[in-house]
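Colleague: These are the residues of each chain, in order.
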Amino acid sequence: MTFTLQQLSDLEEIRQLKSRYFRCIDTGNHTELATCFAEDVSVDYRGGGYRLRVSGRADMVEFVASSFNSDVIAMHHGHTPEISFVDDNTAKGTWYLEDRFINPERGEDTMGSSLYYDTYVRTADGWKIRHSEYDRVYEIVSPISPQLDIRHAMLRETGRKPDERSDTTKWLEWFD
Amino acid sequence: MTFTLQQLSDLEEIRQLKSRYFRCIDTGNHTELATCFAEDVSVDYRGGGYRLRVSGRADMVEFVASSFNSDVIAMHHGHTPEISFVDDNTAKGTWYLEDRFINPERGEDTMGSSLYYDTYVRTADGWKIRHSEYDRVYEIVSPISPQLDIRHAMLRETGRKPDERSDTTKWLEWFD
Amino acid sequence: MTFTLQQLSDLEEIRQLKSRYFRCIDTGNHTELATCFAEDVSVDYRGGGYRLRVSGRADMVEFVASSFNSDVIAMHHGHTPEISFVDDNTAKGTWYLEDRFINPERGEDTMGSSLYYDTYVRTADGWKIRHSEYDRVYEIVSPISPQLDIRHAMLRETGRKPDERSDTTKWLEWFD
Chain D
1 MTFTLQQLSD LEEIRQLKSR YFRCIDTGNH TELATCFAED VSVDYRGGGY
51 RLRVSGRADM VEFVASSFNS DVIAMHHGHT PEISFVDDNT AKGTWYLEDR
101 FINPERGEDT MGSSLYYDTY VRTADGWKIR HSEYDRVYEI VSPISPQLDI
151 RHAMLRETGR KPDERSDTTK WLEWFD
Chain E
1001 MTFTLQQLSD LEEIRQLKSR YFRCIDTGNH TELATCFAED VSVDYRGGGY
1051 RLRVSGRADM VEFVASSFNS DVIAMHHGHT PEISFVDDNT AKGTWYLEDR
1101 FINPERGEDT MGSSLYYDTY VRTADGWKIR HSEYDRVYEI VSPISPQLDI
1151 RHAMLRETGR KPDERSDTTK WLEWFD
Chain H
2001 MTFTLQQLSD LEEIRQLKSR YFRCIDTGNH TELATCFAED VSVDYRGGGY
2051 RLRVSGRADM VEFVASSFNS DVIAMHHGHT PEISFVDDNT AKGTWYLEDR
2101 FINPERGEDT MGSSLYYDTY VRTADGWKIR HSEYDRVYEI VSPISPQLDI
2151 RHAMLRETGR KPDERSDTTK WLEWFD
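Protein chains in written order, with the numbering used here: chain D, 1 to 176; chain E, 1001 to 1176; chain H, 2001 to 2176.
This is chain D alone, in the form it adopts within the complex (with noise of 0.2 Å):
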């Protein structure tokens, strides 16, 4: 197996794609984080203690705005990509990622890793992400310790405020 130089650029793209998901998800910044996907993105996150079910680029952008919000701290980092071409314009993608979400208002502090499964395509507008999955590696939930010190979290400037937030129950399973 040799990759052609063109597939080696776009496997650059599309890890910088994927890098840009991550980073406008943790700074709030959705007007980016809308062009990451196609408009016909499906997504499916099988949590521990949850299961994420979206369609529709809007809908995604919505969920992620109102979840990731001025309230929480949000930790998304991903590490160690494999991406294989399907055909020329078509990638699949897996993703380690490694995930700490603080939610005050369920007061739990959640460290996790998960395995993403993600289809790409190429567009007109460059490569989009089409569908992503992940199941969990493991997920573990502590009470927020009173010890903890916030000294800052970027999300509380960047993040939706609460009365511009939807209801994510939609979208979102509960398991506990």
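Quick caveat, the hints were computed from the structure, so don't treat them as lab data.
Just so we're clear, the structure is a prediction, and the values are computed from it rather than from any experiment.
Some hints could be false.
Claimed, not checked - Subject to a maximum C-alpha distance of 30 Å in a straight line, what follows is the list of computed BS3-like cross-link-like pairs (lysine-lysine):
# : chain 1 : residue 1 : chain 2 : residue 2
1 : E       : K1092     : H       : K2128
2 : D       : K170      : D       : K92
3 : D       : K92       : H       : K2092
4 : E       : K1092     : D       : K92
5 : H       : K2170     : E       : K1092
6 : D       : K92       : E       : K1170
7 : D       : K128      : H       : K2092
8 : H       : K2128     : H       : K2092
Claimed, not checked - Residues of chain D clear of chain H, computed beta-carbon distances all greater than 10 Å:
#  : residue
9  : Q6
10 : L115
11 : K128
12 : S145
13 : Q147
14 : S166
Yeah, the Cβ is synthetic: ideal placement off N, Cα and C, and Gly gets one too.
Put chains E and H on the given structure of chain D with help from the hints.
Modeller: This is chains E and H only, laid out in the frame that chain D set:
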């Protein structure tokens, strides 16, 4: 220094090789894990409280499958590969690891980071890991907090059950 | 957008440059660290409880060597580089950092994440970091838990001993 197209393609394959290695450990996928190693692979991992030395693909897979078993949580995230070529069919690589290992049998929650020093070889079946060492950057062990609510642990389903495991003490020294 | 072979090669070199930067900080390798910077490097790291501003390679190495010293544990993991070219010899890069810093002198265990905004320049000696900024995505400080059993800390051996360190207060502001 400029990389050739062949070298850039090889770098991509080697990165994906090491990515599979990490993923297969944490998901209990021992069949695919075996395909990551040259038959004469050797390993020397110098941990904080342990040292692991294994030779040969069959023993390496046996060690991983028996250690990262249905009782534990394992997370191995690889970062910032620095890969260079010794010759057309041999490469060296450094990876920076973050790992977490929750082992109820020992009552330990270990967080750490290591630097891998690998040697890869090109075979008829693609690039393989021939040798791998690591040194610990840090290793911290805590008792498993009773406040941790483990909502998912993939290895519970995919990892080896007690009666399927080998005795790993022949490969491991413990220092505590 | 398609990357040329030269650009893909440059991207690989720049990724390895930043990888060396992270590795050298955490392993106390200050000789190699110096080779990562342009002589006129400047840095502006906007932390949660601090702000660091340094100009010039000698001062930057002096800051790192004196801060990440034999008393502390430092972990700097870089993720999801988004690198683009300004011209043939200049590139911009965003990296998503996860860091941990255990500082017994201050009694603090800091976990955080930042977004780096870098500028790289091609020199006769390869690509170098000319400018680097970061903003915190989050920063959480806890007291060092008495339950932590530190089994290994590489900087204890490789980091600067107290009488070898510079006073870093000229480069740092603390906000707490």
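Colleague: Run the structure past the numbered hints and jot down the numbers of the failing ones, going up.
Modeller: Result: hints 5, 6, 9, 12 and 13 break, sorted rising.
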